[in-house]
Amino acid sequence: MDNLFDTLRQDYVIRAMIATLLLCISCATMGVYVVLRKMAFLGDALAHTALPGIVLAYFLKWPLFVGALFADILTALGISWLAKREKIKEDTAVGILFSSMFALGLFFLSGKSVRQDLTHMLFGSIINVTTKEITFMAITTLIVISFLTLIGKELAVTSMTPNYARQIGINPDFIRTLILLVLAITVVSSIQLVGVILTSAMLITPAATAGLFTKRIFPMMLLSTVFAITSGIGGLIITCIYNYPPGVVMVLLATLLFLISFSIKSIFKRS
Amino acid sequence: MPELTIIYDILAYLFPFEFMKISFMQRALLGLLLIAPMAAVMGIQVVNFKMAFFADAIGHSAFTGVALGLILGISPQWTMPAFGLFVGFSIMWSQRKSTLANDTIIGVFFSGVVAFGIAVVSRNSHVARDVQTFLYGDILTITDQDIWFILLLFFILFIFQFFAYNRLMYLGLNSTLAEVHGVKVSVYQFIFAGLLSLVVIFSVWAVGVLLVTALLIIPAASARNFANSSGQMFWYAIIISIVSAILGLFISTISSINTATGATVVLVSFIWYIISAIYARFLGQ
Numbered sequence: 001m002d003n004l005f006d007t008l009r010q011d012y013v014i015r016a017m018i019a020t021l022l023l024c025i026s027c028a029t030m031g032v033y034v035v036l037r038k039m040a041f042l043g044d045a046l047a048h049t050a051l052p053g054i055v056l057a058y059f060l061k062w063p064l065f066v067g068a069l070f071a072d073i074l075t076a077l078g079i080s081w082l083a084k085r086e087k088i089k090e091d092t093a094v095g096i097l098f099s100s101m102f103a104l105g106l107f108f109l110s111g112k113s114v115r116q117d118l119t120h121m122l123f124g125s126i127i128n129v130t131t132k133e134i135t136f137m138a139i140t141t142l143i144v145i146s147f148l149t150l151i152g153k154e155l156a157v158t159s160m161t162p163n164y165a166r167q168i169g170i171n172p173d174f175i176r177t178l179i180l181l182v183l184a185i186t187v188v189s190s191i192q193l194v195g196v197i198l199t200s201a202m203l204i205t206p207a208a209t210a211g212l213f214t215k216r217i218f219p220m221m222l223l224s225t226v227f228a229i230t231s232g233i234g235g236l237i238i239t240c241i242y243n244y245p246p247g248v249v250m251v252l253l254a255t256l257l258f259l260i261s262f263s264i265k266s267i268f269k270r271s
Numbered sequence: 001m002p003e004l005t006i007i008y009d010i011l012a013y014l015f016p017f018e019f020m021k022i023s024f025m026q027r028a029l030l031g032l033l034l035i036a037p038m039a040a041v042m043g044i045q046v047v048n049f050k051m052a053f054f055a056d057a058i059g060h061s062a063f064t065g066v067a068l069g070l071i072l073g074i075s076p077q078w079t080m081p082a083f084g085l086f087v088g089f090s091i092m093w094s095q096r097k098s099t100l101a102n103d104t105i106i107g108v109f110f111s112g113v114v115a116f117g118i119a120v121v122s123r124n125s126h127v128a129r130d131v132q133t134f135l136y137g138d139i140l141t142i143t144d145q146d147i148w149f150i151l152l153l154f155f156i157l158f159i160f161q162f163f164a165y166n167r168l169m170y171l172g173l174n175s176t177l178a179e180v181h182g183v184k185v186s187v188y189q190f191i192f193a194g195l196l197s198l199v200v201i202f203s204v205w206a207v208g209v210l211l212v213t214a215l216l217i218i219p220a221a222s223a224r225n226f227a228n229s230s231g232q233m234f235w236y237a238i239i240i241s242i243v244s245a246i247l248g249l250f251i252s253t254i255s256s257i258n259t260a261t262g263a264t265v266v267l268v269s270f271i272w273y274i275i276s277a278i279y280a281r282f283l284g285q
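Protein chains in written order, with my numbering: chain R, 1 to 271; chain P, 1 to 285.
Bound-form chain R, shown alone:
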């Protein structure tokens, strides 16, 4: 046990803890809107389309997150545009755009030997987090929180009753685009920490668990953050004892919390 506390006092562990906390707060709160507005697939797609952007940035020698952010914003706008303009459903639009973007990325990538870095982007590296990435994460958290508090009412109204929102002079499409942009920023900064595959998990799973208990937005955000931080910090501590990738353990803990809540809910509903 002493050994564990010694490990936890290490510099890199403390940095990872701070990063995890920031990540959990921004993902869990944004996740509530992702769940309420049924944008889970979209969140996942944003996480994936960041990859071609990263590839492009890698070749152009830009900072990687600029490429990722660029690709994500492009995808976010493209999806809204496709879904509004063509007579296809939104999830089809998401599917088409995100897999084509990905194919494009792989097409340019084949034959080159950067797959190592890509695997790294897929699984993330919260243990090796740099101060720069923490700063980026902190800015993201600040953006998310100010976004959610400043236009909280507009967000709530457009999520629950878009028609009413339009009548009182709020443009739901505009709010939606704003959400997508903030979501894109959140996703891009989380990718650096937990990787493409697990970013959507940190967005969706805690919020979904909270959604089992309440449908009111503010309590849902609080609960979601609590669940996220429990699994985030818990995952990090377990990683220090057993040698598993941290992102993975976090997601497994979050899923476990969901399954437990789901069972409790089912039992209570029956009695």
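Think of the hints as simulated: they come from the structure by calculation, not from any bench. This structure is a prediction, so every number in the text was calculated from the model and none was measured. All the given hints hold, so there is nothing to weed out.
Capping the alpha-carbon separation at 25 angstroms, the derived lysine to any residue pairs in SDA-like fashion look like this: (1) P:LYS21 <-> P:ILE254; (2) R:LYS269 <-> P:LYS97; (3) P:LYS50 <-> R:LEU82; (4) P:LYS21 <-> P:THR143.
Use these hints to put chain P onto chain R, whose structure you have.
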């Protein structure tokens, strides 16, 4: 196991190129020719039922299927489809039980399953090659045994579609009305989800997990732009998928291009989609 040589001879006769004399190219072409139309046909209903995310989740579970095979010491050939089916049915079941939105449930299952797979794999560094296969697909190493599997699935699927296509379309339009007209909605949904899971798993083999959604959706979405009826949509989707599969495979083998096969197939079908969108805009009704 019976030989497939006759089919290969026919393929070699139809495409008299130098590279078609190589046996793994013949197998790859046959595999793609079976998988692409299956995916395209299932894709029509995936688009109708809004199941793109469901398909994506099943695709990712293939990865965990491989990992499970490693732990249990069973060939991934068996654990992958079995686990895919398991995840598919679990998602369907939870969606019926819970008040959460469908896509939220899929998202939760999806990431939990993938995290589990990665946790297993991270303990066995020698499976890195399998992970690559899973990400990018590996149609060029498909074996005769795999082809037989796919052939069997192909027949089951088309027999099912032959009987169920119109009913599934009806279901997609209005499930309550379909129920009233004596269509067993839940039975059809479960069979469809099961078949879809299997098709997705085999497609992962062909093009890799990241592009499965494309193989399913893009032919269906392009066909929708060309077609005037649901029957036409069915045939157009098949034609588009087959043409993209053949072109994609051939382009990827040209030595000056030499790209990943799966990605090339998807890009060719995406070009189809652009053409169809232009057609629908300027020439359609």
